[in-house]
Amino acid sequence: MQARKRKVYKYVLLEQAAPFIGFIASMIVLLAIVIGMRENPGKAIQSIYKFSMSNAAKLAAVLSISIPYYLSGLSIAIAFRAGVFNIGNEGQYFFGGFIGAMAGIYLHLPPAIHIPVVVIAAMVGGAFWALIPAVLKATRGVHEVITTIMFNNIGIALVNYLVNGPLSGMKKGVSLEPQTKKILATAVFGKLNGFFSSIGWKVPDYVYLDYSLVVALIMGVLVWFLLFRTRQGFEIRAVGTSIDVSRYSGIKVNRVQIGAFLLSGAIAGLIGLQEIFAIRGFYTYNIASGLGFDGIAISLIAKNHPVGVVFSSLLFAFLKQAGYGLQLSTKVPNSVTYAIQGLMILFIVAINAIMIRAVRALRKKEAG
Amino acid sequence: MDFSFLLYFIVKGLEISSPIAFASLGGVFSERGGVVNIALEGIMGVTALTLVWGAIYFQSIWMGLIVAMVTGVLMGLIHAVVTVTFKVDHIVSGVAINVFTIGLSRFLCQTWFGAETQSKINPYLFVKLLDVNSLAFWLIPITALCWFIINKTVFGLRLRSVGENPEAADTLGVNVTVMRYTGVLISGALCGQVDNGNGGGPRIHRACRSDFRQVEPGWRRPRLATFRLRGHLPNTLRIEDPHPEPVRADVPLRVGRGRTRGPCRKVESAGVGRAELREGGGLTQR
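Those sequence lines, one after another, are chains A and B.
Under this note's numbering, residues 1 to 368 are what the first sequence spells out, in order.
Under this note's numbering, residues 369 to 654 are what the second sequence spells out, in order.
Hints were generated in silico from the structure; no laboratory data involved.
You may find that some hints are simply not true.
Pairs of lysine-lysine residues, derived as BS3-like cross-links and limited to a Cα-Cα distance of at most 27 Å, are as follows [said to hold, decoys possible]: (1) A:K303 - A:K10; (2) A:K252 - A:K303; (3) A:K181 - A:K202; (4) A:K364 - A:K303; (5) B:K520 - A:K303; (6) A:K365 - A:K43; (7) A:K10 - B:K520; (8) A:K364 - A:K10; (9) A:K365 - B:K455; (10) A:K191 - A:K202; (11) A:K58 - A:K202; (12) B:K455 - A:K364.
A few chain B residues that don't get close to chain A, going by computed Cβ distances all over 10 Å [said to hold, decoys possible]: (13) F426; (14) I446; (15) K455; (16) Q478; (17) V522; (18) G524; (19) D538.
All C-beta atoms, glycine included, are put in the ideal place defined by N, C-alpha and C.
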């Protein structure tokens, strides 16, 4: 019995090994590129280390970068768990962030209430932008990949118009980046740097570890709890595993998918919080783009698990910093990290497929 | 409105739409073979760059076109290996290739031209015909050819059969893997050709006219939807539910007292509790 159990562990280990092997393989490719560009690999590794984790400040920077990545990955993870491909994170966080910023600018509330209101507004905005694709998917069977991609463009263009036009906070004749009015002081996210310093982690002032970290943590715990400890989460996972079986067994597939879609959109609405409320203090459509698509990669690497997303978002943040380090001290351009990210996903999914097959073959062999 | 203006309007429309249309044709080949090719987006980005590089390096736009098509085929090969051989979900692979190609094109542009987002100016261009890029006119015969291949040839029939019902095609002796590979590779090649028609879409636009410019990732997506709508109406899309993990339809479900087999086993192993299909048909959680 004991031996058998150990063997099962071995299989689990093999099945879970894919992300690590994929990571190592893509790092080897990275080093190969570095060598191919006639650079010293030792120097490259050293520069990566120096730039991403040599001291507390660098580590804090990685953590700070990983916050939007985490929310993005979390949002995708919940959608993928339910078997819906929400590619529309991009539009959802532009729109959600916009609604949040509007709540931050035009509502006058005391600080203790204002920040939660802003967060909820952003979630509502993101969920709203996911609503139409979700309904179309559930009622008419329109493929959500098409609708959400279209909604990305609609959302970004709409926000673009609103920021440039009716809701612009610019005075006439001033030529600056188009932006809204400043967000009220009651809604601006404070930094947690003081808190971290008090527990012995010296976070310098230029690193943004703000309330969005708390929001991300709360969301992570909530999503984990929802997915793995509630009936609704069970239904979501059942639908994602097999629509036919869940429909057969009485789960209302449409309702579950719409719910997961909206939840995914709501979390996506939070991606922009850090940049809008802590870093910039106003809204502009120039906030970092592409985070939604990174989220897909992050979630895939983590196998759509909310806890795994923590690590994969940290990994992506690390890669980003590593890219800057490489670019500064060697000839290798920063853009290599994008290629490495893509390769990493390809490696992981391919190795995962190989592993699953190998495990199946081993099990068959064992069963005789 | 005089006639020459109208003609120019139409021809210019053809020129602007040709990159998207070429990629869409590629998408049709891939999709008819049963492989969703989101990666077209990224392939277009890289081929736009390699076209310019090939043209400058070999001092001929035709060589550039060939280089671009070869690149397209290579990228298609990655997609084909991952999706057909390893049976990874098509959208996952497509997204990964898109991310990969963004980095790849920037990286190559940096190493070849010294700037991340813009190439040197390419002096070798296609002949201008009626004041637009002559490759745009290729679109008409190539579209006709694609229609002919897909609808009127043995190859096309097999490709469609593989896309619609791989098992049935397999039992009739069609090699599903080979057909799918071919479909995806053709799609890559068409895509390579395309872009370069005169640069893809609104932004990569200049690839052929003069230089290559990198595009903001978020803004290039519409083409994906274009080609998907082009091939099929949404309702007839074959991939109704592209799960991250494929449903094991081959395992029969045993309904009754015993534990379920097949897809439900995964749910069970996830640590929630046992999943059981009862006679009443409710999926219960213990």
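Now for the hints, and whether the structure bears them out:
1. A:K303 - A:K10: OK: A:K303 and A:K10 at ~19 Å, within 27 Å.
2. A:K252 - A:K303: holds, 25 Å
3. A:K181 - A:K202: Distance of about 33 Å is beyond 27 Å: violated.
4. A:K364 - A:K303: Holds, at about 25 Å.
5. B:K520 - A:K303: violated, 43 Å
6. A:K365 - A:K43: Given that 27 Å is the threshold and the Cα spacing comes to 47 Å, the pair is violated.
7. A:K10 - B:K520: Cα-Cα ~53 Å, so violated.
8. A:K364 - A:K10: Distance of about 15 Å is within 27 Å: holds.
9. A:K365 - B:K455: Holds, because 22 Å separates the two Cα atoms, which is no more than 27 Å.
10. A:K191 - A:K202: Judged against 27 Å, a Cα distance of about 13 Å means the pair holds.
11. A:K58 - A:K202: This hinted pair holds, its Cα atoms lying about 10 Å apart.
12. B:K455 - A:K364: Distance of about 20 Å is within 27 Å: holds.
13. F426: Per Cβ check, B:F426 is outside 10 Å of chain A; nearest 23 Å; holds.
14. I446: violated, 7 Å
15. K455: violated, 6 Å
16. Q478: violated, 4 Å
17. V522: Since the minimum Cβ distance to chain A is about 30 Å, B:V522 lies beyond 10 Å and the statement holds.
18. G524: Holds: least Cβ distance 24 Å, greater than 10 Å.
19. D538: holds, 19 Å
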